[in-house]
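Q: Chain B: place on chain A using the hints.
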Amino acid sequence: MVKTDRSMEVVENRHKSLGLSDEQVIEMYRIMLLARRIDERMWLLNRSGKIPFVVSCQGQEAAQVGASFALDRDKDYALPYYRDVGVVLAFGMTTQDLMLQAYAKAEDPNSGGRQMPGHFGQHKNRLVTGSSPVTTQVPHAVGIALAARMEKKDLVSFVTFGEGSSNQGDFHEGANFAGVHKLPVIFMVENNQYAISVPLSKQVACEKISDRAIGYGMPGVTVDGNDPLEVYSAVKEAADRARKGEGPSLIEALTYRLTPHSSDDDDRSYRERDEVDRAKEKDGVLTFASYLRDIGILTEELEKQMNDEISSIIDDATDYAERAPYADADTIYRYVYGEQGGE
Amino acid sequence: MAQMTMIQAITDALRTELKNDENVLVFGEDVGQNGGVFRATEGLQAEFGEDRVFDTPLAESGIAAMALGLALEGYRPVPEIQFFGFVYEAMDAISGQIARIRYRSGGTQSAPITIRSPFGGGVHTPELHADSLEGLVAQQPGLKVVIPSTPYDAKGLLISSLRDNDPVVFLEHMKLYRSFREEVPEEEYTVEIGKAEVRREGTDVTLIAYGAMVHSSLKAAEELEKEGISAEVIDLRTVMPIDIDTIVESVKKTGRVVVIQEAQKQAGMASYIVTEIQERAILHLEAPVLRVAAPDTVYAFTQAEEVWLPGYNDIIEKAKQVINF
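Residue numbers (the working numbering), protein chains in the order written: chain A, 47 to 389; chain B, 328 to 652.
Treat the hints with caution; some may be incorrect.
Covered stretches of chain A, going by a simulated chain B footprint (3 or more residues, C-beta under 8 Å) [claimed, not checked]:
| hint | stretch |
| --- | --- |
| 1 | 123 to 137 |
| 2 | 160 to 174 |
Counterexamples of contact, computed for chain B against chain A with all Cβ distances above 12 Å [unchecked claim]:
| hint | residue |
| --- | --- |
| 3 | E349 |
| 4 | N350 |
| 5 | V364 |
| 6 | R366 |
| 7 | L397 |
| 8 | S437 |
| 9 | Y479 |
| 10 | D570 |
| 11 | A608 |
| 12 | V634 |
| 13 | W635 |
| 14 | I650 |
Just so you know, the hints here were simulated from the structure itself, not pulled from any lab data. Beta carbons: idealized from backbone N, C-alpha and C, even for Gly.
Chain A on its own, in the form it takes in the complex (with noise of 0.2 Å):
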């Protein structure tokens, strides 16, 4: 922070000194706020009857976007969770995509309506799904990066998980195999400080689920999730050790979840509203957003732009996805085993 007089402050500039365009954190920062009106149309939507269920991103847009970018979004793969909307966003899923899944309908490229909505994977993106029991895309994330070093193939391993995943079984057995053999694995925690209704404190005695990291034998930090060029830059350090073959990295990002765990829960039962209102602060959308006017590049026009473009494209795709065929009830029997001369 540099100031030049009592009245008026400079904010330096951040992103440049991490490699990063003007462009590039526009572009970041158009995305966390798609990701944050395609959640807040769905509860909409869900509120009206439309679809059935919603598990959000609120909150957690910021690390998931700015983890995103450090990767390389053309080669390496993603196991996201069910929260990850600004991931499957930053790696090409479209908001029809999205949209299509909400509403569980044949064209939804995760499943064809088949899974849960928010069990992200769409082949063409290198998306591997996850599943209801948590943390299933843990050891998945792991057995990629196998693959990979065995195939001498240059791509990273990148999965992220609630911190409530990380008690799992599976987390400590994919940690472990990748500490091993240094294989290049990005853990990512996003850390939101419920599992569903159960807080931090009864759910970890650890201070902080990065420091796990020492007995799986690789770094673990924690950043400040809320703040997207802190997660890019730690996760920028992760993705380079883990391309020079020096293993993985578990990457801590503190978040808050704003909404109720989903659709179906109602979160008055087990935190108080002042703590949300607080969260709200902090919101890393509204911070970003801060952050880029302050430095002059997200003008009030690019703004009202941005905002215009989005809920077109959000209008567009919800119109898509409603008037959409849902999976005729006869592909039921479609695949369970593969097809003779098929797929």
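A: Just chain B now, with coordinates in the frame of chain A:
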């Protein structure tokens, strides 16, 4: 007497045994402060404290395995698996460890654990939330598997399960949680594990079911009656061990049987029951025993769910087939 839904009857049974036996512990994901995602444990933490009703980290394998440790120290743990499809995460703890501790210790140790879990289709939950996996646990010697179909039975069977010295997997059909109320005594009572109940007497055909399919079978029986067919409906209530005596007695009377399960047809409870019948009562049969079950696919997506799940029409159709054989 009070009118209760099944979920209220379950909470009432847990409260009864938390009061009766200080060794009873209730734990799992979101069961404490939140009272469970279906409110099965609502108010129990406030009433009995955080030592006896508590939230666990999100770790199914750990939840089930820890229950065994507690049981070996004399507690009667009642862990909850939030949805029974998540039991795969805990299968080693349940089938590999809990079910076998009595055998492995030469009878010197036991695991008086009741694993509670919601399951079952028809409420638009996706795969791994709705799956009927009772066959998976019923195959494991050492476990008892209980599936109530009414609020009264839910309370009495849950109390019996908690008092049982063997591990019990207690499966609660989500569709029945709040679908109807009935009279449930506020005082304690038990319903014996391993005993079926004849829900409706009949002479022409026996319909054998459990869980939500009991209600579909009763509906089918009503419809059949309009056509002059008298169907007997047996609610197994416990699927392992099954009450073969009640089944055989009914088979001797009707000579015709349809076995109904909500699970996929392959390798399920119905196949097992059919085998038991033909081994014990084949000379009393007038027709092959038929099954009603879901198709052999992964649990159906929502748009196909109603078509996929067995319904009373499927039961009527099979009943007519065995009668017209």
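Q: All the hints need checking, so say for each whether the structure fits it.
A: Evaluated hints:
1. Using a Cβ-Cβ cut-off of 8 Å, 0 residues of the stretch 123 to 137 of chain A lie near chain B, which falls short of the minimum of three, so the contact claim is violated.
2. As drawn, the stretch 160 to 174 of chain A meets chain B at 3 residues by the rule of a beta-carbon pair under 8 Å; at three or more, the given contact holds.
3. Remark: the non-interface label on B/E349 is consistent with the geometry, its nearest Cβ contact in chain A lying 22 Å away (cut-off 12 Å).
4. In this structure B/N350 is separated from chain A by more than 12 Å, as the shortest Cβ-Cβ distance comes to about 22 Å.
5. Against chain A, the non-interface label of B/V364 is violated: not every CB pair exceeds 12 Å, the least being about 7 Å.
6. Not every C-beta of chain A lies more than 12 Å from that of B/R366, the closest at about 10 Å, which undercuts listing it as non-interface.
7. The Cβ of B/L397 lies farther than 12 Å from every Cβ of chain A, with a closest approach of about 17 Å, so its non-interface assignment holds.
8. Consistency note on B/S437: stated as away from chain A, and its beta-carbon is indeed over 12 Å from all of that chain's, at 25 Å minimum.
9. Consistency note on B/Y479: stated as away from chain A, and its beta-carbon is indeed over 12 Å from all of that chain's, at 28 Å minimum.
10. The Cβ of B/D570 lies farther than 12 Å from every Cβ of chain A, with a closest approach of about 33 Å, so its non-interface assignment holds.
11. With a cut of 12 Å on Cβ distances, B/A608 stays outside the contact zone with chain A, its closest approach being about 34 Å.
12. Under the 12 Å C-beta cut-off, the non-interface status given to B/V634 relative to chain A is violated; the minimum distance is some 5 Å.
13. Remark: the non-interface label on B/W635 conflicts with the geometry, its nearest Cβ contact in chain A lying 6 Å away (cut-off 12 Å).
14. For B/I650, the requirement that its beta carbon stay farther than 12 Å from each beta carbon of chain A is met, with the minimum near 29 Å.
Figure legend: structure checked against the earlier numbered hints; hints not met, in rising order: 1, 5, 6, 12, 13.
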